[in-house]
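Chain order of the listed sequences is U and X.
Sequential numbering from 1 applies to the first sequence in the numbering used here.
Sequential numbering from 1 applies to the second sequence in the numbering used here.
It is possible that some hints are incorrect.
Heads up, simulated DSSO-like pairs for lysine-lysine below, C-alpha to C-alpha not over 27 Å straight-line [what the hints assert, rightly or not]:
#	chain 1	residue 1	chain 2	residue 2
1	U	Lys254	X	Lys2
2	U	Lys254	U	Lys277
3	U	Lys277	X	Lys203
Where chain X lies over chain U, by a calculated footprint (3+ residues, C-beta under 8 Å) [what the hints assert, rightly or not]:
#	stretch
4	92-99
5	134-143
6	156-170
Rather than coming from a laboratory, the hints here were simulated on the basis of the structure.
Since this is a predicted model, take the numbers as computed values, not measurements.
Note that beta-carbon positions come from the ideal geometry of N, C-alpha and C, so glycine has one too.
Listed here are the chains, written in short residue letters.
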Amino acid sequence: MSDVLAVTDHRRGELRDVSYETITAGRELADETGGDLHVAVISGPVGEFAEKLNREGVDVVHTVEYGEEFNHDVYTQVLVQLYDELAPQYVVAPNSVNGLDYAPAVANTLDLPIVTDTVGLETDGETLTATREMYGGKVETANELTGNAVVTIRGAEWAGADGTGDAEIREFHAEIDEETIRSTVTGFEEVGGGDVDISDADVLVSVGRGIEEEENLELIEELADALDATISSSRPIVDNGWLPKNRQVGQSGKVVTPDVYIAIGISGAVQHVAGMKGSETIVAINTDPNAPIMDIADYAIHDDLFDVVPALTEEFQ
Amino acid sequence: MKILVTVKEVSTVEDEFEIEGTTIADQYLGADLNEWDDYAVEEAVQLQEAGIADEVVTVTIGPEDCEQTIRQALAKGADRAIRVWDDALEDVDLLDVGAKTEILRAVVEAEDPDLVLTGVQSGDDNWGATGVSLAEELGIEWGAVVNHLEHDLAEGTASVRRELEGGVEELTEIELPAALTIQTGINEPRYASLRGIRQAQRKELDVHTLGDLGVDEGAVEGAVTVTDMYEPESETDATVWEGSPEETAAELGELLREKGVAP
Numbered sequence: 001m002s003d004v005l006a007v008t009d010h011r012r013g014e015l016r017d018v019s020y021e022t023i024t025a026g027r028e029l030a031d032e033t034g035g036d037l038h039v040a041v042i043s044g045p046v047g048e049f050a051e052k053l054n055r056e057g058v059d060v061v062h063t064v065e066y067g068e069e070f071n072h073d074v075y076t077q078v079l080v081q082l083y084d085e086l087a088p089q090y091v092v093a094p095n096s097v098n099g100l101d102y103a104p105a106v107a108n109t110l111d112l113p114i115v116t117d118t119v120g121l122e123t124d125g126e127t128l129t130a131t132r133e134m135y136g137g138k139v140e141t142a143n144e145l146t147g148n149a150v151v152t153i154r155g156a157e158w159a160g161a162d163g164t165g166d167a168e169i170r171e172f173h174a175e176i177d178e179e180t181i182r183s184t185v186t187g188f189e190e191v192g193g194g195d196v197d198i199s200d201a202d203v204l205v206s207v208g209r210g211i212e213e214e215e216n217l218e219l220i221e222e223l224a225d226a227l228d229a230t231i232s233s234s235r236p237i238v239d240n241g242w243l244p245k246n247r248q249v250g251q252s253g254k255v256v257t258p259d260v261y262i263a264i265g266i267s268g269a270v271q272h273v274a275g276m277k278g279s280e281t282i283v284a285i286n287t288d289p290n291a292p293i294m295d296i297a298d299y300a301i302h303d304d305l306f307d308v309v310p311a312l313t314e315e316f317q
Numbered sequence: 001m002k003i004l005v006t007v008k009e010v011s012t013v014e015d016e017f018e019i020e021g022t023t024i025a026d027q028y029l030g031a032d033l034n035e036w037d038d039y040a041v042e043e044a045v046q047l048q049e050a051g052i053a054d055e056v057v058t059v060t061i062g063p064e065d066c067e068q069t070i071r072q073a074l075a076k077g078a079d080r081a082i083r084v085w086d087d088a089l090e091d092v093d094l095l096d097v098g099a100k101t102e103i104l105r106a107v108v109e110a111e112d113p114d115l116v117l118t119g120v121q122s123g124d125d126n127w128g129a130t131g132v133s134l135a136e137e138l139g140i141e142w143g144a145v146v147n148h149l150e151h152d153l154a155e156g157t158a159s160v161r162r163e164l165e166g167g168v169e170e171l172t173e174i175e176l177p178a179a180l181t182i183q184t185g186i187n188e189p190r191y192a193s194l195r196g197i198r199q200a201q202r203k204e205l206d207v208h209t210l211g212d213l214g215v216d217e218g219a220v221e222g223a224v225t226v227t228d229m230y231e232p233e234s235e236t237d238a239t240v241w242e243g244s245p246e247e248t249a250a251e252l253g254e255l256l257r258e259k260g261v262a263p
């Protein structure tokens, strides 16, 4: 009979989807341990959030009123105190940018092991087996630990919890030591604006690391011109400064759903796939038939982009 | 100001490979400087060139084999390097976050830097947790997934941007000393110059055992064990077009016309 504590994520007044996913993952673990599922929501309009988080399978929602936005010092203190109060076996947090900003600190404060970026979780009540990916998804590993632990879950691996539950909503009065809050969020900024909105395009010609050199982008530009399509890219191209940030598809860029997405020399890292898997038709051009992009492609060409792209451009000239 | 940068040598895997037990067979593995750490080193070196930092020291946990990777960081401008290795680490198949935190804590305490930079994650096993865990252990401030850093010497603060999901950046003021995990794209990592490469050979590279650092061997055993490694079942149900580039391009052209999206 061990409980599970799931932590939710929100930003600028909105709960993020991954919050409902931590509820699902947490509920599955709680079913396996035979315990209750506690959900924590910290900062922001917590009363309103708590109503939304009252999904099927949630036993208690703990609300902590403190400030509007995420602050890792506050989250860390609150979660350590909640852990002391509830003594859960597992703390489940999202593997989001903010999750990674507090979960390791919570684990280390509590002297608990942490397993991040899990894509599967299973427990027999004593031993937890967490599935993770390595080498960009080329392999998966089973990671075992006994006793209590903090885990973070990858987004979109668990379905979001739905339905309405009959959770008790409890205010948790954490004692926040203001002395130890040594970071302050001063604002937010939307990046990647500009004149092109790739999320509006019907056809995206999307280019990745396989293009190798900046000057080779010309091939992609010629194809986009011939097709009257818009150019987008995966992260490395933007990191290299070859295309502006507003062209980036993925977790930290734009989410796109064009009619046709042509992935050229893109391996399909999970962060990229998160931004384009909703495309109606996905075509992948890649020399590696085992590249993760092939898992979500509808059509594939296992060949060198430097041969295929010019041939395709030719088709439309 | 002194900056400590954590540098990891990561494994790279060929497209075709075989698994032996819970690891990938040696002959399919390569080694490289972790991409995120490359950006962290560059950021530190730029702070030094701007006159903000006086010294840039790298720290690596790894066997002698990874000294070539360490020299790469030195060639890019780090002043000296520390490598930690021990017989006790040979037998550990997974150095988990807690174990790395213990080792790095000892190094940071000995070096007493004002700023610790780590990569957001390592490219091979992407745990993404050591920097924040380390900061908490040291009782210093931190920031995860930083893609812009401005340092205010007089105020003793770092103004950072944290790259959140969906093209949103969080602007945060962080009191120093602090540990920041550095995201790719924060700068343009340089290629080492020939002169840099020559100089790197002469730069100090100290090797410490756990005993030298006062770290208990039991502390690095870790709580997490890898019990299985396998290739995930391919979920692909893609139609694969075969033939010459002209033939496959023609197939794709046909599809685009069918969809009514081609001119």
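Evaluation of the provided hints:
1. U/Lys254 - X/Lys2: Judged against 27 Å, a Cα distance of about 37 Å means the pair is violated.
2. U/Lys254 - U/Lys277: 12 Å, holds
3. U/Lys277 - X/Lys203: 48 Å, violated
4. 92-99: holds (count 4)
5. 134-143: holds (count 10)
6. 156-170: Contact hint for the stretch 156-170 of chain U vs chain X: violated, 0 residues under 8 Å.
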